[in-house]
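So the sequences go chain by chain: F and V.
Each residue of the first sequence is one higher than the one before, counting from 1 in the numbering used here.
Each residue of the second sequence is one higher than the one before, counting from 1001 in the numbering used here.
Among these hints, one or two may not hold up.
Unchecked claim - If you want the ones that stay clear, here's a sample from chain F, every Cβ over 10 Å from chain V, calculated:
1. D28
2. R38
3. Q43
4. A80
5. F164
6. Q185
7. D220
8. T270
9. R334
10. G352
11. A370
12. Y476
Said to hold, decoys possible - Covered by chain V, per the in silico footprint, the following chain F stretches (three or more residues, Cβ under 8 Å):
13. 45-52
14. 63-73
15. 385-392
16. 411-424
17. 498-509
18. 513-526
19. 533-545
Unchecked claim - Beyond 12 Å from chain V on every Cβ pair, some chain F residues (computed):
20. R25
21. D194
22. T278
I should point out that these hints are in silico values taken from the structure, not numbers from a laboratory.
All values derive from a computational prediction rather than experimental measurement.
Ideal Cβ placement from N, Cα and C applies to all residues, glycine included.
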Amino acid sequence: MSDVTETIPQDSPEQGRKKSDGKIRAADGTSLKRSLNRALRRQKLRALILIAPLLIFVLVTFIAPIADMLFRSVENQIVAQTLPRTTDALADWEAASGQAPGAPVYKALYEDIFIAQERKLHTRLGSRLNYELTGASSLFRKSGRGVGDMGEVYQDQFEDFDDFWKMGENWNAFLGSDEWLAEIQAWDKASGDDQPAFEMRDGMEELFPQTAAKYEIFADFVQYEDEDNLYKEDPWALIYSSFYDDLTGPTATQIAAYDGPAAAQIKAATAAAADFETVDYAAAFADVDKDWAETPIWETIQTYSGPFTNGYFLNAVDMQKSPDGAELRPENQRVYGTLFLRTLFMSLMITGSCILLGYPVAWLLANLPARTANLLMILVLLPFWTSLLVRTSAWKVMLQQQGVINDTLVWLGIVDNFNRLALINNQTGTIIAMTHILLPFMILPLYSVMATIPPAFLRAAKSLGATNWTAFWRVYFPQSVPGIGAGSILVFILSIGYYITPEIVGGTTGTFISNRIAYHISSSLNWGLAAALGAILLAVVLALYWAYDKIVGIDNVKLGG
Amino acid sequence: MTALTPISRTPVSFYASVVAAAGALAGLFVGTAQGSGLLGIIVGAIAMGALAFVLTQVIKAEKPGIWGSVVLLAVIGFLLGGIPALVIGALFGWFFAWFSFWLYEGRYRRKLPPYLTPGQVLWHFVFRVICGAILVFLITPILVVMPLSFNAENFFTFTPEMLRFDPAGYSLKHYRAFFNSSDWQNALRNSVMIAPAATLLSVGFGTLAAIGLSQPHVPFRRAIMAILISPMIVPLIISAAGMYFFYSRIGLQGTYIGVVLAHAALGIPFVIITVTATLVGFDRSLTRAAANMGASPIRTFFKVQMPLILPGVISGGLFAFITSFDEVVVVLFVGSAGQKTLPWQMFIGLREQISPTILAVATLLVVISVMLLTTLELLRRRSERLRGMSPS
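Pulled out of the complex, with its shape left as it was, chain V reads as follows (with noise of 0.2 Å):
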């Protein structure tokens, strides 16, 4: 149903008002960050109408258009406020000149049933704005922790000097703490020998629970299923403050099993859940083919069943070492300072002597994390693609 609706230049009256409304609400901001509101929407409506009648009956080429607009604004930023507005003034005069012409050739009406009322269209671009809004507020916290791990001061907001895009207000410095730290390094060094250790727990004693769930005939399969799941239904403080008590009773609490055992047992439902999820696609009468042709059961295991579950295998294990490697409140109670991890140190570091080291640590695991979901996507392609091959 795309490109069904014929569209049509709009007139001028039209996409000049909306621009210069546009305009109006960007000169809102710009004039109040100025010290005059009002000057600012009338400045900022007269300014962008005019410039999108301008464009559209003066220039009328769409390319040389927006590129002189982007250049023209740039240029009015740069004299009014440095490098910061150059930029700002940049990203405004690209955005009206495309916003110009998007509704001179009504193009926004393009992908849209024809049928449409005015209204409606109106309805349909501001969800989007909305949506897109709520996206920014999802994302927002993850970028602006990037840039400000960079901060060459002590703060945790951006300094002049960094909106001036000066070299002088960025460092590495936040970096250069956390890998000269033996606090840090010593957190890290916990994280790594921990999470490996519980995950490979879980994945073991996970997947051969799941490949048993997944069997026709299991007896009680519901009372077993809830308490396999439980650890992730139970909130972690509760969790947490069991195995507290069970561990010092047993003396496993402040040690390294302890804290490996703790997290194998929150990263079991997560093996579970994957695992058992990927064996419902698969195929029984392939064991029983190659059964058939003489493999035992175990040869059968790795041959055959093994590596098409494993993309499930291997991303219920990736949960389990999300899920270890970024646990702390069970560490907290289960774990002694020997056994401090790196979500660890960064709780005592937000709580106590909060220090931008804790925004270095963070970009690192943004990194990480993007690294294992782009693991996980490809897992999942591949995954898909394995199944279309097998008769379902």
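Chain F extracted, bound-state conformation (with noise of 0.2 Å):
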């Protein structure tokens, strides 16, 4: 810009004068050139400075939840979160054998509903599931009613044979540190002190690994979720089950050396448990569910264990995962390729019918006086600026079967009164109305191009033989092709994202693939695959916004006036 060489003045003085090195000096004597830079710099950093905080702002509130729309398309931990036991253990099978998997898988599952049960977590999983596999969501409901029956097995078995072993009390003083037990016993919940953290006493994460490990997450759950005051708590039926597993483990001998709290009891129960009655974990969930020994779900589970998936843009563009890669969905499952390729076909009628309309009007309007073509602009800046809303339910009463344009048609006699026109709920509808709606946006580009053009190219045109359609063709509309082009990648841009239109008149069958979008995140939750489309529709208009950048420059957009 030419404004450079007016502001070198201001920041440094023409009193630079030559020195015996030849180099222009400014009059603190530092290099002119050096001088000039510092200038700019602190010009640059005056303009970031204030831009900065509006920059930030953005980020901020539009920038970042942009990004965590993306993110969540592709974010899948609810499953390794869940289930964290299972998929470990589930990793090295193989689904292609057609077997399901082996029993520590089963007892992996076990131990993982149960935590999610009781966290009320399991529900959740098996919506998230249900979108990949139907019948997820109840079999993980069932699941978590079944599990606590399964834990019971050995908590009934323990309890009937010491009492000893019904009361939280007695475990915390045989699992707890001495310093935990001695802080827990003087809270007072009343006191409004934060409950003393569980602390694991030394050696037990040794002679107890799973049942230490159980207890960790309980009381953690106990402490701060339900928080409630844990050393009253009774244990889950988990705890038990791991109990037992320790008892019977590898770690056996050692724990016939114990001679910590609760020794004697335990010993007693290590004899015990010799003659307990087990629980075949498989069986009971085949019991529970027939899925269960079945292929499809643990496919599924182990499809979906890592952290991120491409699954939801897979369901976006009626694929699914299967065995051998990605694959198209069943015929009848198929929904969004043609909720696209109508969200693209109806956007592409809309912007048609705006050119259409639009270009006489636009051309009108340039050519007429100013003064008329002021008060003319009225008509098109009025629709422009009434509320949008205020235009969709003028379209809803006009074209309702008992709307306006049915009555007046009826009354000329042009259709039949028992033959009304369905000009509503359907694609005719969303495009009237979005026509009517989106039109401004394709006149005023027009408008502003087609000013510029000179009337006197026609005239000439036509002094030298040609055609009125002629000139029309070969000299006015070339140069009107800017406007039509910026007008129309508006009208698409604007059209092929719209939802509050298409839903009010649009029915189902004049709807876009953004009221999908709306659907899923407010009725069916599907929020991964509202994120997957979205992601995709963004894609197209930032694609279209490139294209509108490079052929109209996004600095030169107009607002009608």
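Two chains, two frames, a set of hints: combine them into the complex.
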């Protein structure tokens, strides 16, 4: 810009003089180049400081949400978070074998579902997996109820054997560290102080690895999620089954040498445990639901065990994961391909009708005397400025079966009273209403381009012998193409993401992809799929935006008037 | 090039037949409405052709001719179909009388270049009629809503009473319903609380940034501009989805502040665009002159720069205001029942329990937008006048 040269004198007055080394210097003796650079840097910094607050504001309130949406479209931590042991155990399983996984996987599943159902997370996981495998939701709900019974087998046997194992206090005395026990006994809930965090007794993790691990989770849940007094809380059935596993497991010999608190009871329990009735988890889960004995659910869990997935995106383009990679869904489950095509088709129709209706009006406005053109411009700007909801409600009122248009047509005898036109709740309604709503966005850029085409060109062409049509088509039209381009892209971008109007006048056949996104956010709660659909739509719009920037330049966006 | 064309009276055969053709068209509609289209065409053509002939050859005087025709057709209309037909008849009478004289005197060619062939003249007027129809298409929905909002019944169409101009067919009950319903009043209050707050935020940040952006040296100008404009480009449903996910993470979903922040973000591009456009025409030597005379930068800003760019700032603010005031998609997701705004309430009304109160609200909103449009136009003129003063 020319301002560069104008601002120099301000920051470094023209007192630069030549020194012996031949460099031009500013008043303070630094070289002119450096001094200029410094001034430039200061200017840049000032500009950035002015922009920074807004930039941060937009980044936080707008860009971060968009990034969050993109993240959600691939994020898939819920499976690995809810079923950590199962996904680990399942890693080596071969889906192709056609056999259900081995006993360790079922045991891991029992532990995971037990913890999840205590935290009420299993239904959420069920609905998540239900997007991939129909029936998963009810399967997890049933299993959540089933795992309680599995654990109680051990709990009942331990409690029947010795009342000692019934009490939460006894478990805490045995597993908790001495300092913690002292603190928790002194703690008074009414005092408002935080409950002292549970601490494991030294050595327990080596002696009773499974019990200790589960007890940590239990303690954490009771103290921080339920906010109950851990000291008095009776443990979960899960603790009993883990305890049984430890007593009969690889650490049994060390346990025999144990001499800490409750050593007598543990010894007795170890002896008794040998004769306990055991649970076959695989059979128990198959009892809860036979689906657990078959491969599809295991395949699904294995496929979606990673922290990220392209499953939502595949779903959004009517594909699904299968053992041999991605494949198209069965014909009757394909929804989104049609929906995307319909959105594109209707946006093109709307853009086309806007060009058709907008071009003559823009031409008229550009060629009328300024005073008349300004008056007619009001007719274009008034709808532009009127609330979107007002215009949509107007169209709903006009297009109804008993609405103004049908009434007029019936009165004129063009349409029979019993065969009123179906103008609403279908594609026609959406196209009419959206053409009306977006027409000003076509007329305004067209007008601003046409206003710069000298009318003399047309007259010159005609005086050189061109017919009306040739003069228009060969001389005028090519010059108005940038206006058509700008208007079309603008209208297309706006229409492809429209939500309100299709929702109200579109019925079921006239809706857009955006209506589906809204449905997944608020009704079906499949947020990942909504995010994936949104990401695809966003990519399309950004590509168009880029094209718009190339053709028109974003700085040249004009706002009516 | 106006009035270059000499005009002369046209022969009877020309104008009488054109008027007769127009009469036939009008007759077609009136005829089909009454049961027989063919009869309508014939009667319309003969009657209007005869009218044109009598007006120009017998009465000859233009003003009395037009008035006489208005009265005549109005009376005929009244006798045939009461008050609605009287109005239509009067309009027809005026149009056909004016049309006859317009053609007869050859006035239609006055503003056209003399070398146009009759076919070109015909095309010229057909084109205008097409454009007129498109403009009618643009404005009709807004005009239809207004009278319907005074409907005495809970219908969304004109009742026979309304068409007869019977006062019993009109009432203010939908307006009363609007002012007496707590739902609508809450919605109005929310809208009035949210929109100004969002506008203030976007204008404050936006003006500052626009001034920064119009400095001669801004690093990453294009990238920054793209980020700041993006809320206008990204489809609302995507912004709404993203904000819903993100704001629920940070606990702003369903709060007043959340909605205000979201609306402010949506309004920012408009402020940036209008204010940078105003700053393009701003003469920087004015600020230097102020500095030269000893004004501090802050004083220069408020005393020199601000008054000159104020029209741009205000119109940017109006855009931001109307964006927030009209916005429904984002508030649907980011807001909760406590932040129900006017457009939200209208959206519910349109989707679920459709009631004509919506039309009353719509009419009020149209009035508001007319006022905003007028303000903007006045600001634009003032801005042009101010810019004309400063050398560019």
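Structure-based check of all given hints:
no. : hint    : verdict
1   : D28     : 21 Å, holds
2   : R38     : 13 Å, holds
3   : Q43     : 5 Å, violated
4   : A80     : 20 Å, holds
5   : F164    : 46 Å, holds
6   : Q185    : 37 Å, holds
7   : D220    : 23 Å, holds
8   : T270    : 49 Å, holds
9   : R334    : 22 Å, holds
10  : G352    : 15 Å, holds
11  : A370    : 13 Å, holds
12  : Y476    : 14 Å, holds
13  : 45-52   : holds (count 6)
14  : 63-73   : holds (count 8)
15  : 385-392 : holds (count 8)
16  : 411-424 : holds (count 4)
17  : 498-509 : holds (count 5)
18  : 513-526 : holds (count 5)
19  : 533-545 : holds (count 6)
20  : R25     : 23 Å, holds
21  : D194    : 22 Å, holds
22  : T278    : 45 Å, holds
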